[in-house]
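**Q** Construct the entire structure; sequences and hints are all you get.
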Amino acid sequence: MQNQAPVVEIHELSKHYGEFVALDNLSLTLNRGSILGFIGPNGAGKTTTIRILVGLSRPTSGYARIGGSDCVRELAKVRRLVGYMPDKFGSYDNMRVREYLDFFGAAFGISRRERQKRVAEVLELTNATWMQDRYVESLSHGMQQRVGIARTLLHNPEVLILDEPANGLDPEARIEMRTILLRLAAEGRTLIVTSHILPELARICDRIAIVAGGKLRAVGTLQEVTRELSQRRTIEIQFLNSATIAAAAGRLRPMLEHDAEITVSETESIIRCRTAANDEKLTELLRHLISSGDLVSQFREVAGDLEEAFVSAAREAEAERTEKAAAKAPAAEVAR
Amino acid sequence: MNGCLIIIERELLALLRSGRTLAILLAVSIAFSFIVFLKWPSSGIVDLDGAKGREVFAWLTYAMLAAAILIVPVFPSTSLVTEVRRRTLELLLNSPLSRTSIYLGKALAMLGFVMLLLFATLPALTCCYLMGGLSFTDDVLKLYLFLTLVSLQLIVIGLLVGTYCRSTESALRWSYGVTFAMTIVPWFPDALFPGGTSPIAQGCQLLKLISPIPALMKMLNQSSVGGSGLMESRDPVLWYVGFATLFIVVGSVVCILRLSHSLLDRSRSQGFITDDQDQWVRASRRVLFLVDPQRRSAGIPPFVNPVMVKEFQCRQFGRMHWLLRLVAGCAVLSLLLTLASAQGTESRGVEYTGALIIVLQVALIVLLTPGLASGMIAGEMEGGSWNLLRVTPLTPGRILRGKLISVVLTLALLLCATLPGYAVIMLIKPTLQQQVVQVLICLILAAVLSMLVSATVSSFFRKTAVATTVSYGCLVAIFGGTMLIWMNREAPFGFGFVQQALRLNPMAAALNAMQAAGFESYDLIPSSWWITGITSIVLLVILYFQTLRLTRPD
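Chains A and B supply the protein sequences, listed in that same order. Here the first sequence stands for residues 231 to 566, where the numbers follow my numbering. Here the second sequence stands for residues 899 to 1452, where the numbers follow my numbering.
Be aware that one or more of the hints could be misleading.
[Claimed, not checked] Per the computed footprint, the stretches of chain A lying under chain B, defined by three or more beta-carbons under 8 angstroms from a beta-carbon of chain B, are:
#	stretch
1	312-321
2	339-346
[To be verified] Taking beta-carbon pairs under 8 angstroms as the criterion, some of the chain B residues facing chain A (in silico):
#	residue
3	Arg1194
4	Pro1199
5	Met1279
6	Gly1281
7	Gly1282
8	Leu1286
[As the list claims (entries may be wrong)] Distance ranges between label pairs, derived from CB positions:
#	chain 1	residue 1	chain 2	residue 2	range
9	B	Glu988	A	Glu491	41 to 49 angstroms
10	B	Tyr1442	A	Gly298	28 to 36 angstroms
11	B	Ile1171	A	Gly339	22 to 30 angstroms
12	A	Gly298	B	Ile1171	40 to 48 angstroms
13	A	Arg530	B	Arg983	50 to 58 angstroms
14	B	Arg984	A	Thr451	41 to 49 angstroms
These aren't lab readings, by the way, just hints derived from the structure by calculation. Beta carbons: idealized from backbone N, C-alpha and C, even for Gly.
**A** In structure tokens, the structure reads:
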């Protein structure tokens, strides 16, 4: 029963800096053991949301709860429930990795004996044991990211919030990071991960939230989000052979909107359509092809592209901003 | 040459665009006008022998030297470190510009700024010139040339230090350290062992000549004040000019040689650990180090503030082996002071030696405390680790306590090291026992005040270099500014005003307790203790609320 209750609950969260609205009524819930990919363009409100969740910032209105504890009123509880890795590593000079972790363990009030055990465990979990005697400031970016994750795990938090963990990592380090994050989720931890490397997120996250202009534009599984945000979908129609494929393409053209993209691949015997048509329209299209005698072997929708959804959300936010600015301009003129 | 001009243009424009430069120039102009105002004849009658003009000139000269020592190191020391950190040095080194033109461009741009700084004193110097008694070529022009040479030496020190340091904070600290070591510190050995003919005494006198101050005194015909023995038989101006020129040339060559890709390609430690070495290596290191810095630590002990341990660990000289070295160094220093106390009583009385020890200790406190405390919060903000501390369950009080204790312990070590000197003073003159206790209280208060000023300043800035500079400025104003008022005790300030000003300065209270010459007539204790104590409490409260504010959600 407890497992079904959301671990992270954000309700109509808003944050204003003077007239600037950084977050606008953002609502979101997240269940235990899931990985949420939190994406959006720069200045979209991702970091503001994260800062509110970890208690670094206070919302103007709305609330955020982690494990049932309010992120403003029950900050002490929230701090023990959350492991936070900011985008800036935050190193100390002249400290070795083990000492660095030991300090944060002590800061969380873990006893000396337990701390030694925990440090060894988290280093093992993040494949960082070999760097325990290195100085923190001398580590490469990828190594620092691993130490950063190890630090967030020290007090065994339920929820991990990682701001750009894959930023600046080489492909090998990125694969390792992905493995570590999946391992953590498999342990039952809930992860919120922000990143600009969208294919990376698409691979590991079971839920995606796209935020732009301070508003939540879409949330759900990858397919749900892309379908919600992408104005077009890609349909692949596979034919038994390429004999009638050109004629079939000709028959499809008048049935789709005028700017739909139709690509014919005779070698693959496939017609690809990028169209804004809805499910009813597509059903009609398939029926028409079959009744015309075309030998359709497969009719499928290609999984949506996160990048496209991202761009679409960003454009939507940009359009809103322009609209607002245009609405303000005449008002200012009248005032003048 | 063209490359050099490009760098000069870029550096000078960047300097002139900064609001900090404007503030410095304005502050210097106002301060110098104030000095002229203080010394301007109030009766409306000027004597024709030009004595007044020369007196004001002497004041301005010392003030200009002090301004150069305090202001000039800031810019060159941070310049190269900033370029390395921002990775713009890579771009410069990969351009067709030669290392020499990069170095010369930077040095000359800094010199250009210094010239501006010197020009800011021109109105004050003109007023002084109008009082009469001064020659343009023999006094004014010579002074400007001399100060240009001093500034160039300081620029070379700053740039050279910048090639060794990795952070602006350490570059600033080391630059001030080297600058003080070459300008003020050479005075102390000669003051402690004056006028002898022994090789040590002669060495001390020669050492004094590397400082620009004896040369300046000679230029102002005041050489008898600070000169004795060797000093009187040699020309300090020639000695200093020779030394400074040699330093500038050698320093520049070293700096140009170091200005290469190796600055950007510093090796990363592979994490040498004694525990993983052979048994004989472990045994020998245990004997050599006593506390081996490369041993795997057992972790922060229970009931100890983790922030305090962290502060010691991440401080460059905070590890136990360094603290042991510091204690050993201070023990040697204390032995020297004890020797000086014993020898000095024969010629000048214990009060003189006591006063010197007080000034030396306060100088050490003022030099070291900003380095220890001004990065306390600003450093964490700059490095991004402050937010990590904020998301731990550590309370603001615990964070602050840990940080302050780490500074208090280091300062206490420094102060304790000089106690034997006072013990000898008490042995020689037992009646001074109560005065020595009073001096020690003053010194403790001076250390606490310095620490709290630096820490409070740190909580208002997000960059350590700025916090360090402001801390030095505040401490110099408290400990040096009030002494400037004391120096003007005959005119224009009256006895009452000087006494009030000195009460703000715990060093003056210590000198008063020691009955040092010039301080006997004031009544500074216990009022000075009260003022310093209350100021410290106020600063502590401000610091606590600042920490509370900075740890709260934004």
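**Q** Now, for every hint given, state plainly whether the structure supports it.
**A** Outcome of the hint check:
1. Here the stretch 312-321 of chain A counts 7 residues with a CB under 8 angstroms from a CB of chain B, which clears the bar of 3, and the coverage holds.
2. Chain B is given as covering the stretch 339-346 of chain A, and this holds because 5 residues of the stretch bring a CB closer than 8 angstroms to a CB of that chain, at least three being needed.
3. Evaluation of the arginine 1194/B hint against chain A yields a held restraint, the C-beta minimum of about 7 angstroms falling below 8 angstroms.
4. Of the supplied interface hints, the one on proline 1199/B holds, with its beta-carbon coming within about 7 angstroms of a beta-carbon of chain A, less than 8 angstroms.
5. A cut of 8 angstroms between beta carbons decides the hint on methionine 1279/B: the least distance to chain A is about 10 angstroms, and the hint is violated.
6. Interface hint status for glycine 1281/B: upheld, as the beta-carbon distance to the closest one in chain A is roughly 6 angstroms, under 8 angstroms.
7. Checking glycine 1282/B against chain A: minimum C-beta separation of about 4 angstroms stays under 8 angstroms; hint holds.
8. The interface hint given for leucine 1286/B is met, as the beta carbon of that residue sits about 5 angstroms from the closest beta carbon of chain A, less than 8 angstroms.
9. Separated by about 45 angstroms at the C-beta atoms, glutamate 988/B and glutamate 491/A satisfy the suggested range of 41 to 49 angstroms.
10. Between tyrosine 1442/B and glycine 298/A the CB atoms are about 32 angstroms apart, so this pair conforms to the stated range of 28 to 36 angstroms.
11. As the Cβ distance of isoleucine 1171/B to glycine 339/A is approximately 27 angstroms, the hint placing it in 22 to 30 angstroms holds.
12. Distance hint check: the CB atoms of glycine 298/A and isoleucine 1171/B are about 44 angstroms apart, consistent with the given range 40 to 48 angstroms.
13. Taken as a hint, the range 50 to 58 angstroms holds for the pair arginine 530/A and arginine 983/B, whose Cβ atoms sit roughly 53 angstroms apart.
14. Roughly 43 angstroms separates the CB atoms of arginine 984/B and threonine 451/A, a value that falls within the hinted 41 to 49 angstroms.
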